[in-house]
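Chemist: Chains as they are written, first to last, in our numbering: chain Y, 1 to 318; chain U, 1 to 293.
Calculated directly from the structure, the hints in this document are not laboratory data. Be a bit skeptical, because a hint or two may be false.
[What the hints assert, rightly or not] Sample of chain U residues facing chain Y (criterion: CB under 10 Å; computed from the structure):
1) Arg-20
2) Leu-21
3) Ser-145
4) Leu-245
5) Gly-264
[Stated by the list, open to error] Below, simulated DMTMM-like cross-link-like pairs (lysine to aspartate or glutamate); rule was C-alpha separation at most 25 Å, straight line:
6) Y:Lys-46 with Y:Glu-210
7) Y:Lys-223 with Y:Glu-210
8) U:Lys-25 with Y:Glu-280
9) U:Lys-25 with Y:Asp-133
Don't be surprised by glycine CBs; every beta carbon is placed ideally from N, CA and C.
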Amino acid sequence: MYAYIARRIVFGLLTVIGVSIVIFVVMRVLPGDPLLAVLGPEGLQKLSDADRAKYMADLGLSDPLIVQYLRWMRDVASGTFGTSFFRSESVADMIVRRGPLTAEIALFSVVLSWIVGIPVALISVLRPNSFGDTIARFLSILFLAVPGFWVGMLIILAMLFWFGYRPPLTNIPFWEDPWSNLQIVLPPAIVLGLGQAAYIARMARSSLLEVIREDYVRTARAKGLSGRLVVGLHALPNAMLPVITLSGILMGFVLAGSVPVERAFATPGLGYAMFIAVNERDIFVVQNLVFLYASVFVVLNILIDLTTAWLDPRIRLQ
Amino acid sequence: MSDIALAPPARAPSWEFLTRLVRDKPLGAICGVVCVLFLLCGVFADVLAPYGFNQISPLNRLKPPSWAFPFGTDNLGRDMLSRCIYGARMSVIIGFSAAALATAVSVTIGVLCAWLGGWFDMLVQRFVDAWMSFPELIVLIVVVSVLGPGMGQIIVVLGLALGIAGSRIIRGAVLSVRQTMYVHAAQSIGAKSRRIVWRHLLPNVMAPVIVLFTNRVGTAILAESGLSFLGFGVPPPAPTWGAMLSGSGRAYMYQGPWLALAPGLCLTIVVFAISMFGDALRDLLDPRMRGSR
Chain Y
1 MYAYIARRIV FGLLTVIGVS IVIFVVMRVL PGDPLLAVLG PEGLQKLSDA
51 DRAKYMADLG LSDPLIVQYL RWMRDVASGT FGTSFFRSES VADMIVRRGP
101 LTAEIALFSV VLSWIVGIPV ALISVLRPNS FGDTIARFLS ILFLAVPGFW
151 VGMLIILAML FWFGYRPPLT NIPFWEDPWS NLQIVLPPAI VLGLGQAAYI
201 ARMARSSLLE VIREDYVRTA RAKGLSGRLV VGLHALPNAM LPVITLSGIL
251 MGFVLAGSVP VERAFATPGL GYAMFIAVNE RDIFVVQNLV FLYASVFVVL
301 NILIDLTTAW LDPRIRLQ
Chain U
1 MSDIALAPPA RAPSWEFLTR LVRDKPLGAI CGVVCVLFLL CGVFADVLAP
51 YGFNQISPLN RLKPPSWAFP FGTDNLGRDM LSRCIYGARM SVIIGFSAAA
101 LATAVSVTIG VLCAWLGGWF DMLVQRFVDA WMSFPELIVL IVVVSVLGPG
151 MGQIIVVLGL ALGIAGSRII RGAVLSVRQT MYVHAAQSIG AKSRRIVWRH
201 LLPNVMAPVI VLFTNRVGTA ILAESGLSFL GFGVPPPAPT WGAMLSGSGR
251 AYMYQGPWLA LAPGLCLTIV VFAISMFGDA LRDLLDPRMR GSR
């Protein structure tokens with residue numbers, strides 16, 4: 001098991017380094033002038049070559065790429081992640097301030113997706129092809145099709161029209177004022193969670209249907225257990241592995257999906273920060289945020305692999 | 001000449017398939033009709049739309065839905081129905097080209113990996129693994145943040161991103177076809193790799209390819225709308241559903257809720273119909289894929 005963990009972590013580290021190189025190369029090599037973002041098109045035209053060289057040097061953009069890359073990696077390792085073009089705060093401050101909100105959203109939405117998705121799958125499996133099953137499948141495809149940011153807009157609209165309510169817009173940490181914090185976090189989490197629940201329900205349904213054909217389920221039936229107990233005690237735990245794997249992957253996708261959804265709700269989280277940074281073409285912030293997201297995805301994948309290995313000895317002992 | 005071997009099938013297989021679709025999957029068939037309508041809307045937007053997508057009429061600003069303007073008008077007095085119809089055109093173009101590119105990429109990678117196998121397969125699959133853990137929206141955002149918004153880059157990035165992720169499905173299908181008797185037979189009479197791939201492998205993985213393509217159209221449309229909603233999509237004045245939601249839809253949703261409703265409904269109905277139709281196709285064409293994402 002330890003060898004397995006060590007192997008996964010080394011592989012994960014290599015992936016993070018690879019991803020950092022890809023991000024760096026993409027941000028630097030693709031056409032697009034970073035000064036255009038700072039000065040605007042007119043400012044850029046008036047810029048003399050000497051000024052230009054000075055600005056580029058100030059921003060550290062005139063050094064050889066390898067030096068720039070190593071400097072970036074040093075910033076990442078020291079935990080400052082570099083600073084924004086437009087704000088004096090470092091990207092690390094931004095992550096510390098905004099990160100918890102987005103993490104809360106991701107966590108709540110995963111929990112919600114299980115609370116909704118698993119029972120829906122159970123209904124489908126206990127009564128396959130029944131009316132409930134048809135409705136469940138219909139709804140799960142519907143939730144896959146609805147764009148989250150649109151549902152977000154509709155929720156804001158409905159709240160305002162029916163209750164005259166607007167969620168607080170400032171960033172309030174959970175430990176200071178849990179109730180206001182939840183008002184900010186829950187709506188996006190619900191929107192993203194329902195979308196995920198559809199995936200979870202579909203995966204749990206197909207995985208359960210597969211497990212139900214196994215011998216030990218037939219044995220449990222044969223010894224006289226009721227249908228519900230068979231599914232709940234024998235089938236469900238064994239059908240959870242692919243669902244856990246999917247859930248981890250979906251958590252990564254929630255981080256991405258939270259960009260438009262946070263924009264719809266104007267949630268002051270990391271997704272919104274990413275939106276602002278791309279809009280302002282603040283390449284340092286974009287570069288660092290994308291790198292952070294990528295690292296989170298890699299860590300999530302390692303955690304999924306370790307969880308499945310821990311739960312399923314067949315994988316662990318391979 | 002033997003006239004037995006050349007006898008044509010009694011009925012065209014496509015007709016038979018359609019009757020099966022209507023009989024076994026009525027909902028899927030209805031959704032298929034919606035998909036066709038959506039396609040026609042996109043192709044004949046100029047003919048169908050009562051007004052131009054950018055035709056401003058200051059007297060008719062923020063009018064609620066009526067007979068003259070079935071979906072209402074926006075803050076500049078532009079007819080929402082016409083804008084939604086032109087929006088369908090954008091979605092058709094982006095959805096279908098990105099899906100076509102994605103399918104081509106998936107088939108190329110999938111067939112190469114499954115057919116060549118060995119270290120090549122191993123290496124590419126590790127890369128696909130890493131790639132699949134990366135949401136396409138983030139890749140899109142990065143590329144757009146560097147290159148600026150535009151239709152070309154959206155199609156290419158979506159096509160590559162979805163194509164690499166989908167190659168896994170094609171690879172699996174090719175691997176199972178590879179084991180079949182007719183491929184072994186072709187190999188044993190000395191057929192070249194190219195011939196086997198074109199004559200035996202590809203025709204026999206058409207079912208998952210078609211299903212994958214349908215699926216990708218929906219995914220691409222949804223991803224593009226998310227990007228447009230952020231304002232990183234096709235630049236204005238092109239009317240995309242996502243941009244309509246983020247532009248007038250967001251700014252004026254209290255004065256004109258229909259601005260927030262119409263494009264979102266179009267988006268949901270179209271993507272829903274495509275996924276439903278795709279599911280029905282999958283159940284009929286390729287039961288092995290049932291339950292996969």
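Chemist: All hints are to be evaluated individually against the structure, with a verdict given for each.
Modeler: Right, here's what the structure says about each hint:
1. Arg-20: Violated, because the Cβ-Cβ distance from U:Arg-20 to chain Y comes to roughly 18 Å (cut-off 10 Å).
2. Leu-21: Where the cut-off is 10 Å and the nearest Cβ of chain Y is about 17 Å from U:Leu-21, the hint is violated.
3. Ser-145: 4 Å, holds
4. Leu-245: Nearest chain Y Cβ about 6 Å off; hint holds.
5. Gly-264: Holds, about 4 Å.
6. Y:Lys-46 with Y:Glu-210: With a Cα-Cα distance of about 67 Å, the restraint between Y:Lys-46 and Y:Glu-210 is violated, given a limit of 25 Å.
7. Y:Lys-223 with Y:Glu-210: Holds: Y:Lys-223 and Y:Glu-210 sit about 20 Å apart, inside 25 Å.
8. U:Lys-25 with Y:Glu-280: Violated - the C-alpha atoms of Y:Glu-280 and U:Lys-25 are around 49 Å apart, more than 25 Å.
9. U:Lys-25 with Y:Asp-133: Distance ~15 Å between U:Lys-25 and Y:Asp-133 Cα, so the pair holds.
Against the hints set out earlier in the document, violations occur for numbers 1, 2, 6 and 8.
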